[in-house]
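From first to last, the protein sequence lines are chains E and B. Per our numbering, residue 78 is the first one in the first sequence, and the count goes up by one each step. Per our numbering, residue -16 is the first one in the second sequence, and the count goes up by one each step.
Derived from the structure by calculation, the hints contain no laboratory data. Backbone N, C-alpha and C define an ideal beta-carbon position, used for all residues, glycine too. Heads up, some of the hints might be wrong.
Some chain B residues near chain E, calculated using beta-carbon distances under 8 Å [claimed, not checked]: (1) S(-8); (2) A(-4); (3) S49; (4) Y53; (5) K57; (6) I101; (7) H152; (8) M174.
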Amino acid sequence: MHLTAEQERMLEGEEGEAVRKGMELIVALGDIYGAERLIPVISVQVSGVSYKTIGDAGLEFIEDYARTMKKDAKKVRVKTTMNPAGMDLEKWTKMGVDRKFAEKQLRIFNAYTSMGIEPSLTCTPYYFVSEPKFGEHIAWAESSAVSYANSVIGARTNREGGPSALASAITGLTAEYGLHLEENRKADIIIDVGFEPDSYMYAALGNHLGALLSKMGKKVPYFKGINPGDDEMKALGAAMAATGSIALYHVENTTPEWKNAVNDKLERITISEEEIREHIKGMDRDCEPELIAIGCPHASEKELRRVAELVKGKKKKEGKELWISVSRAVAERNPDAVRIIEDFGGLVLRDTCMVVSPIEKRFHSTAVNSGKAAYYLPKESFCGQCVRFRPLEELINMAVEGET
Amino acid sequence: MRLYGRKISGGKAEGDVIIEPGAVSFLGGVDPEEGIIVDSSNQVSGQRIAGKVFAFSTGKGSTVGSYVIYRMKKAGTAPAAIINESAETIVASGAIISGIPMIDHIDISLLRNCDTVIVNADEAYVEMPGVVMKEAITTVIKKGEKVLILKRSEKVGSCKGRWAGVSGHIEEGDEGLESRVMKEVEEETRMNVRIVRSGEPILARDRSIIWKIHPFLAEAGSNEEPEIDWEHTKYRWISPEEVYDFNTVPKLDMVMKNLGIL
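Can you build the whole structure from these sequences, using the hints too?
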């Protein structure tokens, strides 16, 4: 790989140990994946924030790294945002999170903010916090945000891990390989969708397709015959990223790069509505949910307002919890919707979600409309939930007094 | 001798080798407090990797695995060095943030459990004291679409009873590899052949020797049949794809691949 004189100096440690370590990691990953050079990024999203997911191992690393940066008198070099934590930083007692967990979670949060990382705590930084533009190079972790940034916005990022994203934040650089290169952004399969899905069906479609494409060895699907809005694309992409590591997809007539994404030699498959209905049977288990959780990825303004509309003037059923997870930015811009939902008895949570908070300590069954959450929540070693996967309107009805 | 690979994470360390032929997940697959493999799908499940030179094919699983490696390093339960056939992001990141020497692009089938080796990641090699390299040729003779394999007798020094090409050590006084090829073909088969091409050399481990095998493809006339000597008990003409049906000497399939016939 070719490094500039300045990059060589950074790698030699002239800017301190934290930058040297970051460079070492980026250069090694670049070598592994055949990059020829490093390129600057305009923003970074770091993952590895929830204490539940990274545990004491991650906490130790992040605190050590923060100390090294402090010693070097360094902060992150580009705009850097962070993934959701394991709790709402203010409402954690209402969530049933214990004090020990909360203390360790705050240590992780403080270590990241001491590096100069913005306290965004969301998986949807593209809502008002950090919006990349078409063609811009970024280094984002968080698979659903990576999918959205690449596919819906047309920014360029690989699927970074916690350490590599942090390395990009500190150096402002990433290695040029994978989705940073035009030739790797072309579709490798065409998906004919034989019906017009609603938002629930988009989540199911993504959950089904991610696993299917991964088995077929496909990475970049191109959809025909659908007309999704931004919320539907968020749901579709998040689910495909969870079940199959899909980091980029194209939708004909909709996403910014669809025009040059296909050629006539590509393999084509058709997905029918029956196939998705059949797949839902495996996602939607037979159990009575204790928790109804919406907002994976974090709900948009439109989704938050829709929930408010559905619960307005109604009363929450005894023994049911309703959580809506959003970014701080979305909550702050919609105080009315937040008040309506909280008057109903629901919790509008910022900073966290049902997947990365320790819900298994309190609940056994959760109802969701997210194809990503429906993949992670049943995992025994992670959330251990019996999952109901139903459309939004049905979820709300489950929580409303007088509804069956 | 030294095996050269690619530097992933700098540094130098010495230790006994522990080999896992499969992929390793550090989150859930390793007990970081004890430094023991707990993934039952790994061959080395139940064994300690702390302080060892841990050689495995590649990493897999959750990206949190990088932090688990870091925790092991701080707890003193991490491997002294890591060798991979092909590095990926999780283990590479873990090795780098933890300062554990790591190299990849090493054929781990050339290592043996309990070999004591030195990993010099800065220079990208594994030093194997006590292991020596010797050179040999192996010749695949082709007749039409078929190739000749021979079953090694009980009298030969190594790989008794296994199927092979025409092989021999390179000896002092050999005037180039091709003259050795012609001598061995003459001794072992008495056939008239013409050398077509050679392939990239292949390394194979046999106790304390690593053989550097130079593959050759030779062609025999349609009427030629081998007359075998004491070194072999049988021969067969087979299609190259049939090589997988025979108990062959190590890497005979690789020899055929490097000769472009498989």
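Each hint, compared with the structure:
1. S(-8): Hint on S(-8) of chain B: holds, closest Cβ of chain E at ~7 Å, below 8 Å.
2. A(-4): 17 Å, violated
3. S49: 5 Å, holds
4. Y53: Holds: closest Cβ of chain E sits about 5 Å from Y53 of chain B, inside 8 Å.
5. K57: With a minimum Cβ separation of about 6 Å from chain E (threshold 8 Å), the hint on K57 of chain B holds.
6. I101: 21 Å, violated
7. H152: At about 37 Å, which exceeds the 8 Å cut-off, the nearest Cβ of chain E leaves the hint on H152 of chain B violated.
8. M174: 44 Å, violated
Going through the hint list in order, the structure does not satisfy hints 2, 6, 7 and 8.
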